[in-house]
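Undergrad: Each chain sits in its own coordinate frame; assemble them with the hints.
Residue numbers (this note's numbering), protein chains in the order written: chain A, 9 to 459; chain B, 2 to 573.
You can trust all of the hints, since none of them are fake.
Simulated restraints, written as ranges between beta carbons of each label pair: (1) B:P202 - A:N447: 38 to 46 Å; (2) A:D264 - B:L437: 26 to 34 Å; (3) A:T91 - B:G384: 55 to 63 Å; (4) B:P450 - A:S435: 27 to 35 Å; (5) B:A379 - A:S248: 15 to 23 Å; (6) B:R110 - A:S248: 54 to 62 Å; (7) A:G405 - B:T232: 36 to 44 Å; (8) A:T91 - B:V243: 25 to 33 Å; (9) B:P202 - A:G459: 46 to 54 Å; (10) B:D356 - A:T91: 46 to 54 Å.
No lab work stands behind these hints, which were simulated from the structure alone.
Beta carbons are placed, not taken as given, at the ideal position from N, Cα and C, and that holds for glycine.
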Amino acid sequence: MKQQSVNRRAFLRSLMAAGVSTAGAVGALSTLSRAHAASSLAVKGSPADYKALVTVFLYGGNDSFNMIVPSDSRYAEYATARTNMAVPQAQLLNIPGTGFGLHPSMPGLQGLAGESRVAMGLNVGVLQAPTNRSDYEMGRAIPPQLFSHEHQQIVWQNARPTALASNEGWLGRAADLMETAYPQQSLPFNVSLQGSNTLQVGPRSVGYAATPTGPVALDVVEENEDLATVHDQILNQPYSHPLMQEHVAIRRRALDIYTRYASAFNPLPVISTPFAEGNELASQLQGVARFIAVSQQLGIQRQAFFVGIGGFDTHSGQLNDHPGLLAGLDSAIQSFYNATVELGMANNVTLLTLSEFGRTLGSNGDGTDHGWGGHQLVVGGAVNGGIYGQAPTLVIGGPDDADEGRLIPTLALEEFLAPAMRWYGVSESDLDVVFPNLNRFDQRDLGYMTG
Amino acid sequence: MRLHILTGLSWLGAVVSCCALGQVGEPLFTDGFEQTGQASPQASASKFLHRATFGPTMAEIDRVVAMGEAAWIDEQLALPVSWTRPGLAPLAERNYQECLQDGDLDCDRYVDPLDRQNIWWQTVIAAPDQLRHRVAFALSQLFVVSDRNGELIDFAEAMAAYYDLLLTHSFGNYRDLLGDVTTSPVMGIYLTHIRNRKAVPALNIRPDENYAREVMQLFTIGLNQLNPDGTLILDDAGQSLVTYTQADIAGMARVFTGWTFADVSCEDFEYDDGGDLITPMQACEAYHDTDAKVIIDGATLPSGQTAAADLNAALDVLFTHPNVGPFVSRRLIQRLVTSNPTPAYIQRVATVFADNGSGVRGDLGAVVKAILLDPEAAAGTSGYAAFGKLREPLLRLSNLWRTFDGRSEVGEYYDYQPTMAGQAVLSAPSVFNFFLPDYQPAGLRGSQPRLVAPEFQLASDDKLTFNQNSIDLNARYFIDGAPWVEAEDEEAEVEFGPRTVLLHPAAELALASNPEALLNRLDLLLLAGTMSTELRQNVLARLQQIPQAYPYVRVGEAIAHVMTSPEYLIQR
Numbered sequence: 009m010k011q012q013s014v015n016r017r018a019f020l021r022s023l024m025a026a027g028v029s030t031a032g033a034v035g036a037l038s039t040l041s042r043a044h045a046a047s048s049l050a051v052k053g054s055p056a057d058y059k060a061l062v063t064v065f066l067y068g069g070n071d072s073f074n075m076i077v078p079s080d081s082r083y084a085e086y087a088t089a090r091t092n093m094a095v096p097q098a099q100l101l102n103i104p105g106t107g108f109g110l111h112p113s114m115p116g117l118q119g120l121a122g123e124s125r126v127a128m129g130l131n132v133g134v135l136q137a138p139t140n141r142s143d144y145e146m147g148r149a150i151p152p153q154l155f156s157h158e159h160q161q162i163v164w165q166n167a168r169p170t171a172l173a174s175n176e177g178w179l180g181r182a183a184d185l186m187e188t189a190y191p192q193q194s195l196p197f198n199v200s201l202q203g204s205n206t207l208q209v210g211p212r213s214v215g216y217a218a219t220p221t222g223p224v225a226l227d228v229v230e231e232n233e234d235l236a237t238v239h240d241q242i243l244n245q246p247y248s249h250p251l252m253q254e255h256v257a258i259r260r261r262a263l264d265i266y267t268r269y270a271s272a273f274n275p276l277p278v279i280s281t282p283f284a285e286g287n288e289l290a291s292q293l294q295g296v297a298r299f300i301a302v303s304q305q306l307g308i309q310r311q312a313f314f315v316g317i318g319g320f321d322t323h324s325g326q327l328n329d330h331p332g333l334l335a336g337l338d339s340a341i342q343s344f345y346n347a348t349v350e351l352g353m354a355n356n357v358t359l360l361t362l363s364e365f366g367r368t369l370g371s372n373g374d375g376t377d378h379g380w381g382g383h384q385l386v387v388g389g390a391v392n393g394g395i396y397g398q399a400p401t402l403v404i405g406g407p408d409d410a411d412e413g414r415l416i417p418t419l420a421l422e423e424f425l426a427p428a429m430r431w432y433g434v435s436e437s438d439l440d441v442v443f444p445n446l447n448r449f450d451q452r453d454l455g456y457m458t459g
Numbered sequence: 002m003r004l005h006i007l008t009g010l011s012w013l014g015a016v017v018s019c020c021a022l023g024q025v026g027e028p029l030f031t032d033g034f035e036q037t038g039q040a041s042p043q044a045s046a047s048k049f050l051h052r053a054t055f056g057p058t059m060a061e062i063d064r065v066v067a068m069g070e071a072a073w074i075d076e077q078l079a080l081p082v083s084w085t086r087p088g089l090a091p092l093a094e095r096n097y098q099e100c101l102q103d104g105d106l107d108c109d110r111y112v113d114p115l116d117r118q119n120i121w122w123q124t125v126i127a128a129p130d131q132l133r134h135r136v137a138f139a140l141s142q143l144f145v146v147s148d149r150n151g152e153l154i155d156f157a158e159a160m161a162a163y164y165d166l167l168l169t170h171s172f173g174n175y176r177d178l179l180g181d182v183t184t185s186p187v188m189g190i191y192l193t194h195i196r197n198r199k200a201v202p203a204l205n206i207r208p209d210e211n212y213a214r215e216v217m218q219l220f221t222i223g224l225n226q227l228n229p230d231g232t233l234i235l236d237d238a239g240q241s242l243v244t245y246t247q248a249d250i251a252g253m254a255r256v257f258t259g260w261t262f263a264d265v266s267c268e269d270f271e272y273d274d275g276g277d278l279i280t281p282m283q284a285c286e287a288y289h290d291t292d293a294k295v296i297i298d299g300a301t302l303p304s305g306q307t308a309a310a311d312l313n314a315a316l317d318v319l320f321t322h323p324n325v326g327p328f329v330s331r332r333l334i335q336r337l338v339t340s341n342p343t344p345a346y347i348q349r350v351a352t353v354f355a356d357n358g359s360g361v362r363g364d365l366g367a368v369v370k371a372i373l374l375d376p377e378a379a380a381g382t383s384g385y386a387a388f389g390k391l392r393e394p395l396l397r398l399s400n401l402w403r404t405f406d407g408r409s410e411v412g413e414y415y416d417y418q419p420t421m422a423g424q425a426v427l428s429a430p431s432v433f434n435f436f437l438p439d440y441q442p443a444g445l446r447g448s449q450p451r452l453v454a455p456e457f458q459l460a461s462d463d464k465l466t467f468n469q470n471s472i473d474l475n476a477r478y479f480i481d482g483a484p485w486v487e488a489e490d491e492e493a494e495v496e497f498g499p500r501t502v503l504l505h506p507a508a509e510l511a512l513a514s515n516p517e518a519l520l521n522r523l524d525l526l527l528l529a530g531t532m533s534t535e536l537r538q539n540v541l542a543r544l545q546q547i548p549q550a551y552p553y554v555r556v557g558e559a560i561a562h563v564m565t566s567p568e569y570l571i572q573r
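Next comes chain B alone, as it looks inside the complex (with noise of 0.2 Å):
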């Protein structure tokens, strides 16, 4: 199937082309969403499934307000898990019968990151355990590893295995998540611990302070000592104290030796031939040191210990430290909810993370439930009006595809450019990630100095307009049974395969002759009933400067026009 893109745009230069400016008639909207007091139960639930799922649909909507939020959560703690590994194989076969189709004769079955991200938009796009994704992809940006990383960029099959192992503990616990993390050896190789060896001193060669180092800084305790809130605790000259020292990183380094491929014999922990990038990583106990180990805060590994005593002895540190709660409650809560939570929302949620009211540390699933169902998410904007943060780029493309129906023939999602974008999952440029969590956009100084937005890190100029643009093609252009889509033509420039992946905006095309209606429900599913009557009122001008007659083109400029306003772009 080749189809021809000119048609359909000559075409469209006759629609555009139709109409002077400002001939509107119709009364504006005559809606139920406006913004006039209380939301409706089906605006709140929008809003609650912009921060739970990867984008609501008109059926989860409802469903959230038939059940209410709480049991919608504790559906989906209990939901069995979508896997992304498993979806490789399939595709590794496919590449190699296309290999052979090619006449190569050096085929084999090799999967890439465009597989793997493949898998991953197949599956947050369709699977029902939104939630679980949605905080596992939250938990990507935390326990970052990156197949940007030269030795795991041919590794597509390990980096999934990866992503499953955030999937496992998205609702666990947090200790045993860390425990998963520091034995992968996908984060051996991306934090460099593993085939880390005790000090030869002779040589001049002491333990890599990497995993020690970020461990601590990114992963569990930060730098600063916080209260229980996450502010900053200060002594009295009103300085920050620090978590730990140089001397700590040392101690902590010494901690993680002894660790190579679960595949390789212990007397080859010297040889750097790769491995089992899949199974945890084993000890070799002739490699660890044996030695007492002051870590941070005094605190004291014994000698003689073995390499996983002293690891889970040591995380069990890390683990009970009083930071963490704050912490990761607060990562958890920008990554979801707002880019500047309250002390008193961190708080609360940390008091879960320390106790989720059965007298368990770090039950994740509690927590997450306790972001999602804070009273300050439920107030938005009404309890402060910076509340919010922008959508990550990887997050408006699956709202569209999502709450659209985005699909290809084939079911697969190859159309996406993560380079220009910014973002991939699991592809961020270092361990900081995409952005940081207190990167502050320069504009925000002089008004707002206490102000943080990390998302803005991948707002620069160029990536923001690519941005832009990517969702509004898509929006406007990718749209199942558009004129310009099904018109063939041989010499098209542009095709629309069985691979192209298309809206199916079904409801919305239903709508299209009754722009009002189109754009109430669209305020419903994207700005959870927030559309300000001055986006309405410039959206439904554009739209009734289309003629009736072309459908996909008012559906498709109504989403694209919305979903590049601001006002959609800082979700609330």
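Bound-form chain A, shown alone (with noise of 0.2 Å):
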């Protein structure tokens, strides 16, 4: 074997079997103990109390016009917009009644939208207000830092096109709301199992970040009294320096978090729906479903999962590339929507997909550049699915195109999510503060989800 880096959890369960942990200490590590208060919460609610919203972060703009493509007669306009990216109509998966049908490597969506349980939210993108040709050539309210993928990133997570700043999102502020309507749940309602993000950060909360196997804990703390001692009196030291103390609150915040939910993941809650091997998002989305099925345990009634994968800034190689990630795609939605079913949870669950922007029609030879709209997934048990939005005419230089084939959007940002945060639990006012340019926009409710 040429690496022989330590497996680090079977370094510290030999720790413990070696009694170096609460063996014969009077008080129990009080994290320990914690936890076990965590466990012993009575368990309130039936599923039926229970909403969790998954969004997923298709990093680099996802090409999603060779997503969801026209099948019927509109196929010819796509096809002299693609050239070469075109894919071919033989091979499109249809989705009857729609006139549209999926990538050929996404069957598991093809069956899930014959059970209408997929919305397809088209050209979406970020606007200040409804824009067409004309305003984009005048500059009339055009976004800052269109096709920028940092910014645009920043912006598909705070809903505030003018606001570049990464320190707040829809989801935080939709927490700060549900700490109001949901006081009893005391565990977070935004977990992020792909670290830092924008999206779930709100002017009060903010998000916590684990693993697909759960929260990390924190070893010095499990292993022995003593040394959680000395961990907790040098946090209590006093810190005048800003990043010290920003430092010491993410810790005890991370720790006190890891503690309350312990328990509920030794052992590793059991999913038993299979999810591919290698499959970044998979196993990110298998770690949802272990947070989903403890959910009821620890008292949780409205969650919000962050995931995401990176990959799809397909300027290059886009034939060889975007199928496989779109076939990623497709086999850990599917594993995830079945692990649901599983839980009994798919009418509870409601997944949808985020990327930063759309891709131009036209080639660059091998690849394509940044667009704007573009086409993004609902899927879910109390999904309506169905097509939702105004199909855009996939023509370069055509009414939709603001420049060499980027899509002007036609359905805002704010429009395509509101209906699944209205399912997750904001109320119709709250839907202004979570999207505060909402009201801008003609469709308060595009009628995807059915609760």
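TA: Right, dumping it as structure tokens:
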């Protein structure tokens, strides 16, 4: 074996076995006792009281014009615009009654669409107000830094096109409102399986980040009481440096939340549904399924998850790479949906995709460049399947084209997201808090959620 | 050699249960490194070395004290380069031999990302040209390429060659660096301008805009027009001004057309069969757009130029843009010294970028020297309270291994888990690096709305906890000579083998019987003499609980508690 990195969990298990931990201690580790307190919480409510929203960020700008493709007479203009990037019409996986087909690498979603579990939001994007081609040419209300990954990733998460600040997102704002609506829920409303993000930061709340196998334990606190004491003493020192204060704040919060989750993840919650090996998104969504599995015993009623994968910036080799990316997405979503069925939670969980922009209709030879509007998916048992929004004209230089086949969105991000957030539990008036610009657009309810 | 951990740990269990809490009788610290006014010369040298190296050693501190910081930098600038790519060849041979020994019939001489990282660790821990490597590491987070890209993951040697390219120019000229990065096939793959071709209007094909955009946004001028001190230029309405438009990107995209692998015939330009990822790309003029091009600020490249002439002219325009100095200076200051340099600091460094004193623009050696010797760097938190930065995960581990002589018997460094740590050299999640220069953790919004702290983007609950665990475990248990390392047992779950990286803290072990002296030493080495009274008291009380007969426990815990403390984590 070439690599001999030490298996840390095994190492710590051996520590426990060696009696280094709490054996003989009068007062058990404060963290462990709190964990037991959490596990003994009365189970509040039935599955009907639980709803989870799962956001899947496709970093890089998914070429969704090849994910959802017109399969009827409009295919011809698609093929003309996309030239060597076009998916052959005969390969499309048709979705009856919609005039659209899915990319051939997405059979799972085709099956779910056949059960009316997939809503497709067409040509969704960042807008300051309804915008047409003449507005674009005149420079009227054009969001800043369109086509820049870094900034459009932020705007998709903060839903405030003119504020490029990365420190507040729409799930964070929703979480703060949820705290009022669900005061008995003490665990975070927002959980990330993909590290730091903008989306889940609220004016007051901050999301919690975990791994697919759950919250990460702080070993020094688990190992023995004396070490835990030193750790606490050092954290409790006075700190005046703002970065030290912030580090301490994160550590306290991380430890506190870990402690309350710990027993629910020991042993690891069982999800029998298979998830593909080596599929990063599938692994993250398997982790989400585990969190959902333990939500009832922890008294959680509302939870929003953040997962995501990169690789969608297909400037080059798109015909080689993009099918695999979509296949991975398809497999991960299919497994995740099946897991929610396994848990009896299919109607309580809604998954939707986000991506910072669509791509140019035109080709750069063997790929596509940064666009603007793009299609998105919503999947779940409570979804009313079908096509939502207005199908854009897929013509370079056509009425929906800003420039070089970058499509002006015909559905604002806020219009696309509002129904999912209403379903999640955000009140009609609070929707305008979560999405400050929602009232600039026509569609408050596209109708893709049944509940 | 198969060593047992349980013996040592049961033994350790006896240690930690032996003492009641709070039996601390000895007087607290009698040291010379307290924060009483002026820092000692050794403390200043340690602070300097935390920025300029991958971790101070006592010997290096003494050298800096003896020769002075400026002379130490000059010496570093003149040292021969410790390259990383040559170290891969023996590993390729070893992998081949191991494959053969395994009885495989289909073996080749491959190296993988962990082999490359192993060489990087060996080099940054032991090489004398520390400053060059520290700057190259900073540049690797500016000119980002990553083996998390599917087309690069299998080409560790090419990735090492790219890192060596950064080493070549760490103290060279920014324009040369920009040129070599632009024609690097690794960058060509990563930002997809390799095999980028002129437009074919009939097929709706236009040039790839990827490199055109990012070379401006990330490598040279950024999105907004800057004053010489890095602050935004605002119009009368208080709005910032963009540096380029989408039309400029389209013009720039046409510049970067006509480049392919050095070993591929231009006749095969359109066939994507890979090629030489180490030799600079070659130009194929038939695929280069030779029409006139308007790039930024109305600069025009005339028609009929070769691919190389267009590329060089465009890079010249970018290099001479007034944004580059403040843009690059701020990023390098953030990587080496502090997250929130004052505009005055940025301007002083940018001034050196503009002219090194001999009329040369873009002299990185002079820029690095200006960054490290700036009075703001010297003043630290006595200049402003928020001075400093969160240490990157890689730099924490390098500090541990360098300062306490971490090495394996065979000299290898594979004991690192980049996925959970969130960081490995040339392995960022995207061209936007591991963290953004303007990232602000949520807790700073209310109290410190103007502060940024990029490295906190890696301090999500999961990664922060993992990285705390990583330092803690390595510091407390992976010590050469410790009883639990030396004990032998066939049943052991954990092996301390010849490839396990172990600390060799000889000087610290010699002080184990004197916790105050041990802490004084760690204060100097790890905290540059800034250890707070409270941290000293807390760690000292803990060390005094541990019987003197257990020096490895004392030393391991002392290092672990200090290196996981907030005051260590925020490098000042």
